[in-house]
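**Q** Throw the hints in and build the complete structure from the sequences for me.
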Amino acid sequence: MGVFNIYYSQTSDKDFKTGADQPELYLPMLKNKTIGIVTNQTGLLIDKSHLVDFLVKNNVRIKAIFAPEHGFRGDADAGEKIRNGTDTKTGIPIVSLYGSNKKPKPEQLKGIDVVVFDIQDVGVRFYTYISTLTYLMEAAAENNVEVMVLDRPNPHDGYIDGPVLKKKWESFVGMHEVPVVYGLTIGEYGKMVNGEKWLKNGIQAKYTLIPMKNYHKKKRYPISEKPSPNLPNDQSINLYPSLCFFEGTQVSVGRGTDLPFQVYGSPWTKELPYQFTPKPNYGAKDPFLNGQMCYGENLSDYPKKLQELNLEWLLKAYKNYKNPQQDFFLKNLFFDKLAGSDELRRQIITGKSLKEIKSSWKSDLDNFSKIRNKYIIYKD
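Once you know that position 315 of the sequence shown is 315 in the UniProt record's numbering, the rest is easy, because the numbers rise by one and skip nothing.
If you are wondering where the hints come from, they were derived from the structure by calculation, not from laboratory data. Quick reminder that beta carbons are idealized off the backbone N, C-alpha and C, glycines included. Some hints here could point you the wrong way.
Using 20 angstroms as the maximum straight-line C-alpha spacing, the simulated PhoX-like pairs for lysine-lysine come out as follows [as the list claims (entries may be wrong)]:
{"hint": "1", "residue 1": "Lys197", "residue 2": "Lys168"}
{"hint": "2", "residue 1": "Lys319", "residue 2": "Lys270"}
{"hint": "3", "residue 1": "Lys197", "residue 2": "Lys167"}
{"hint": "4", "residue 1": "Lys355", "residue 2": "Lys319"}
{"hint": "5", "residue 1": "Lys213", "residue 2": "Lys17"}
{"hint": "6", "residue 1": "Lys168", "residue 2": "Lys337"}
{"hint": "7", "residue 1": "Lys370", "residue 2": "Lys218"}
{"hint": "8", "residue 1": "Lys166", "residue 2": "Lys370"}
{"hint": "9", "residue 1": "Lys374", "residue 2": "Lys217"}
{"hint": "10", "residue 1": "Lys167", "residue 2": "Lys362"}
{"hint": "11", "residue 1": "Lys200", "residue 2": "Lys167"}
{"hint": "12", "residue 1": "Lys166", "residue 2": "Lys200"}
{"hint": "13", "residue 1": "Lys17", "residue 2": "Lys218"}
{"hint": "14", "residue 1": "Lys331", "residue 2": "Lys319"}
{"hint": "15", "residue 1": "Lys370", "residue 2": "Lys197"}
{"hint": "16", "residue 1": "Lys17", "residue 2": "Lys48"}
{"hint": "17", "residue 1": "Lys105", "residue 2": "Lys63"}
{"hint": "18", "residue 1": "Lys213", "residue 2": "Lys48"}
{"hint": "19", "residue 1": "Lys379", "residue 2": "Lys213"}
{"hint": "20", "residue 1": "Lys270", "residue 2": "Lys316"}
What follows is a list of derived Cβ distance ranges for each label pair [as the list claims (entries may be wrong)]:
{"hint": "21", "residue 1": "Lys305", "residue 2": "Phe16", "range": "15 to 21 angstroms"}
{"hint": "22", "residue 1": "Ile349", "residue 2": "Thr90", "range": "47 to 53 angstroms"}
{"hint": "23", "residue 1": "Lys166", "residue 2": "Glu308", "range": "19 to 25 angstroms"}
{"hint": "24", "residue 1": "Gly202", "residue 2": "Gln275", "range": "50 to 56 angstroms"}
{"hint": "25", "residue 1": "Lys331", "residue 2": "Asn84", "range": "29 to 35 angstroms"}
**A** Written out as structure tokens, the structure reads:
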């Protein structure tokens, strides 16, 4: 049986703090322990120092840094192979948790008492940091290692929306039967994975959560450091759940431009007004539709903070797509993995209206809400 611990600060200070910014809660628990740490460039304290450097300075013994997709410093393309290595600043070995080694091996956890997890997540099912946390918890449970999550905000606040994944379509971009936007922090999400026994063979990890202080679910907190190269600002994160479906189509989401996840377009949607040409850049060494003129929309000034998925852009692009040589959806059906089943693709092809598509999600969203409510630890 897994153990779940949660430690709250006793101070009455009203200021918001992340889990990492409350060392008085976690440093005593790490004393005389050997730890591993899963983090990246977002693992910053309020003074912008990195958690790894802070722990080293406080004589915490770190055996390994485990790096998720995009790497420890967060500068790798989506899907790019991350190599093992050594952090030049601290000399600590870096172990990639991406590619062929998504789940830590027993020998990689040997001699480690606690793995600390501190990453700014995006609160969206197909963003892979929740999958990395899941595999970590599974490996930790199998090897009697504690997992400690230092919690951070969900930038999409508390709303939930989108199709719920069907088990048949489980993958690294969707491991659990949850909607696209699930309205939990990464700490709450891990608590749900543990509590619902979603780890392999129903095992549970010893799971300790260091919660944020004075965090409110319905409030939006700006991201202090971009979580990956193609989510450079709050607007890209705001639009990401709605635009990421394009990654399974012949339409670019602006990788290789200055506005990733803030524009969309393709050479075959010429009725749409905005023009851009993807070119190699930082975070997109070989962008989709590289060097081709794309026609679409620029949403960088989109005025709303979305409280639901906006499928209008996807449906508009599909309606305007005119290429008899190629289907709108990629042949590998990556779109279905992103959507969590083949249902959304079929609804679009058969001409279902936006209202009909959204209403088809309602029952699954209601069922998920009942599960989710058990694991919420922060007030609205």
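**Q** Compare the structure with each hint and give your call.
**A** Cross-check of the supplied hints:
1. Lys197 with Lys168: This hinted pair holds, its Cα atoms lying about 18 angstroms apart.
2. Lys319 with Lys270: holds (11 angstroms)
3. Lys197 with Lys167: holds (15 angstroms)
4. Lys355 with Lys319: Holds, at roughly 16 angstroms.
5. Lys213 with Lys17: holds (5 angstroms)
6. Lys168 with Lys337: holds (10 angstroms)
7. Lys370 with Lys218: holds (18 angstroms)
8. Lys166 with Lys370: holds (17 angstroms)
9. Lys374 with Lys217: Holds, at about 15 angstroms.
10. Lys167 with Lys362: Satisfied, since the Cα-Cα distance of roughly 18 angstroms is no more than 20 angstroms.
11. Lys200 with Lys167: holds (14 angstroms)
12. Lys166 with Lys200: Cα-Cα ~17 angstroms, so holds.
13. Lys17 with Lys218: holds (16 angstroms)
14. Lys331 with Lys319: This hinted pair holds, its Cα atoms lying about 19 angstroms apart.
15. Lys370 with Lys197: Satisfied, since the Cα-Cα distance of roughly 16 angstroms is no more than 20 angstroms.
16. Lys17 with Lys48: holds (13 angstroms)
17. Lys105 with Lys63: Distance of about 14 angstroms is within 20 angstroms: holds.
18. Lys213 with Lys48: At roughly 18 angstroms apart (the allowed maximum being 20 angstroms), lysine 48 and lysine 213 satisfy the hint.
19. Lys379 with Lys213: Answer holds: lysine 379 to lysine 213 is near 11 angstroms, not above 20 angstroms.
20. Lys270 with Lys316: holds (12 angstroms)
21. Lys305 with Phe16: 15 to 21 angstroms: Holds: the Cβ-Cβ distance is about 18 angstroms, inside 15 to 21 angstroms.
22. Ile349 with Thr90: 47 to 53 angstroms: holds (52 angstroms)
23. Lys166 with Glu308: 19 to 25 angstroms: holds (21 angstroms)
24. Gly202 with Gln275: 50 to 56 angstroms: holds (52 angstroms)
25. Lys331 with Asn84: 29 to 35 angstroms: With Cβ atoms ~33 angstroms apart, the hint holds.
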